[in-house]
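Asker: These are the residues of each chain, in order.
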Amino acid sequence: MYDTLWVRITRATLIGIGLALAIIFFLFPMYWITLASFKTKPEILSSIPLHLFQFTPNLDNYRSILGLTTGETEAGTPGEYLGRLLNSIIIAGGSTVLAVFFGTLTAYAMARFRIPGKSDIMFYILSSRMLPPVVIIIPVFLMFTQLGLKGTHLGLTLLYTTVNLPFVVWMMKGFFDEIPHEYEDAAMLDGYPRIQAFFRVTLPNAWPGIAATAVFCIIVAWNEYAFAFILNSEPYAQTVPSFIASKSQTSAGINWGIIAAMSTLFVLPVLVFTFLVRNHLLRGVTFGAVRR
Amino acid sequence: MARVTVEKLTKKFGDVVAVRDLDLQVEDREFMVFLGPSGCGKTTTLRCISGLERPEGGTIRIGDTVVNNLSPAVRDIAMVFQFYALYPHMSAGDNIAFPLHARRMPGNEVQRRVNEVARVLRIEHLLQRRPRQLSGGEQQRVALGRAMVRRPKVFLMDEPLTNLDAKLRSEMRAELKRLQKDLNATTVYVTHDQVEAMSMGDRIGVMKQGGIEQIGTPDEVYNHPASLFVAGFVGSPAMNFVPAEYRDGAEPSLFLADGAFALPVDDRWATAIRERATGNTFTFGIRSEDIALYTEPGQDRIPSEVYVMEPLGDVNLFDLKLGEQIIKAKTLPNFRLRIGDRVWLQPDHDKMHLFDAQTERAIF
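First to last, the protein sequences are chains L and V. Residue numbers for the first sequence follow our numbering, beginning at 1 and rising by one. Residue numbers for the second sequence follow our numbering, beginning at 1001 and rising by one.
Pulled out of the complex, with its shape left as it was, chain L reads as follows (with noise of 0.2 Å):
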């Protein structure tokens, strides 16, 4: 606070520069995925790497996924990419809701009643996390299709609930551990029953919480492959993941375009959406950092 106007001009640009390289350097592949969709074949592979301005952004790779073209493409027939991006929306949407739901509620129950065995439970929740997703995929898949899970919505849905429940229970648990029980308590005094008391009074309080957790649960669903490609490879509940690798191989070769427009459309609500909640975001990861 003693320093010269000088030095601390000096120090705000020397940070400034440093977040910009930083931004550079981790915002770079979504820049040239997102140009290469706006190129041509020939321009996507010039042997000179053509930035903005350097050549003329055309539509037609969003026209061929959207659609907007007669007949079949490369991208497959008119509008078929718009159902597997339906398909993604339900599945990553509905694990989501079900993950957060289920998984708040047994945050709660462990944060608040005396359990016998509690941090043995708790552990063995976070050991169904321990497995890599390959290790299981083969007995998924046999399960899946005995129950003709394989192929459905609800099959990758419920997968992903499964994936995403432990992570839902640990976050929420610490949420839960922070906000005081005499809101409760009170609540309860004040003529409410216990599921009211959470309903009104900590649901409320642990929304930054929820936000932040649900955040990582679409993230999570929205972006998985592995168990997509393997279960869900048929076009009636196939997501976007797998549709676009399936899509990559044609036979002129591999159509960057169509793959880079896919992509951009695809990351694109995952932006949005995580825009949208930044402010609760920012509040539930830092939540509990700090001791009150």
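Please note: incorrect hints may appear among the correct ones.
As the list claims (entries may be wrong) - Listed next, the stretches of chain V that the computed footprint assigns to chain L, with coverage defined by at least 3 CB atoms under 8 Å from CB atoms of chain L:
1. 1061-1074
2. 1077-1084
3. 1096-1110
Claimed, not checked - Computed from the model, here is a short list of chain V residues facing chain L with C-beta under 10 Å:
4. Arg1047
5. Ser1050
6. Gly1051
7. Tyr1087
8. Pro1088
9. Met1090
10. Ala1143
11. Arg1146
12. Ala1147
13. Arg1150
14. Leu1156
To be verified - Listed below are several chain L residues computed to face chain V (Cβ distance under 7 Å; list not exhaustive):
15. Tyr183
16. Leu189
17. Asp190
18. Val201
In short, the hints are calculated from the structure, not lab data. No residue lacks a Cβ here, since even glycine has one placed at the ideal position from N, Cα and C.
Given chain L, work out where chain V should sit, using these hints.
Answerer: Showing chain V alone in chain L's frame:
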């Protein structure tokens, strides 16, 4: 309003017994204070009465109803918490109205009641604000308002003044006491602060290790403590304690501080000692204001020396050396001595206390 009766209350947390076989009756409209150090079970007892904790044994009655199996919501009691527990997502007014909504009271009636309570507590101008925009004292008032608004049978207060600064605390003390009398509200108040207990309670229940040591009016607890613990816990500065040994005979006497001084004992006390004592060893107790100081020797005066004098304005507080021990004595502010001065002290015979060294119960 109603009386609260607790019989043989026992509450355990795992292997830890928080409250053991506690018996208690709070009369209708009475201001009862539970006083004790932290961990003595006073808050647990309060939470059992409220229904937030389920006791392992015993009966709790509010009025004539046994409430053991009733949920907190239907016991018709209100509680004020140490950290106020105002709902952060609601305005102060909504906080106060919250218990009324649980009873599905019509909107205009809710509004009328909230305004009435706000007027009594002088918080009308704060009703629109969120709790985090209120000072500690204001939050305290809103919390009180939320408790008062539905006119419950019993008020429970868990250290409600602990988080206020000293000046506000003494103001709120008087105000709470007045409020309790105006509302005619049966109140159970938990505190570890003996000044709060003495100044507010109609009766005080001094608690230690999950049990009640003594229940009585502030006067009884202060002037006739039933045990060494009560004598030491109530009063500031704490009561002076000196080890004593009793010798019977033609002239029964108490020998204080390893026999350095002999204190003659009259018949009434000798009888009490013979009847109640388990042995010959005792703890002799005397409060600082019950010791007279003299600058010259005389009958039954114990010689001593000034260790420190603290002039407090309204009184002077002396630390006096009695053998290896320090005795505290209060005098008028015009009685002044210097460190190292000789002084003779004489305990007031009617204000002396004697506690059995084994049982720690009062002999007289």
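Asker: Does each hint hold? Answer for all of them.
Answerer: Results for each hint:
1. 1061-1074: holds (count 4)
2. 1077-1084: It holds: at least three residues are needed, and the stretch 1077-1084 of chain V offers 5 whose Cβ sits within less than 8 Å of chain L.
3. 1096-1110: As far as the stretch 1096-1110 of chain V goes, the hint holds, because 4 residues have Cβ atoms under 8 Å from chain L.
4. Arg1047: holds (8 Å)
5. Ser1050: With Cβ-Cβ at 6 Å, under 10 Å, it holds.
6. Gly1051: holds (8 Å)
7. Tyr1087: At about 5 Å, which falls below the 10 Å cut-off, the nearest Cβ of chain L leaves the hint on V/Tyr1087 intact, so it holds.
8. Pro1088: holds (6 Å)
9. Met1090: holds (9 Å)
10. Ala1143: holds (8 Å)
11. Arg1146: holds (7 Å)
12. Ala1147: Hint on V/Ala1147: holds, closest Cβ of chain L at ~9 Å, below 10 Å.
13. Arg1150: holds (8 Å)
14. Leu1156: holds (8 Å)
15. Tyr183: With a minimum Cβ separation of about 6 Å from chain V (threshold 7 Å), the hint on L/Tyr183 holds.
16. Leu189: Check passed: Cβ of L/Leu189 comes within 5 Å of chain V, closer than 7 Å.
17. Asp190: Result: holds, 4 Å to nearest chain V Cβ.
18. Val201: Nearest chain V Cβ about 5 Å off; hint holds.
In the structure shown, no violation is registered for any of the earlier numbered hints.
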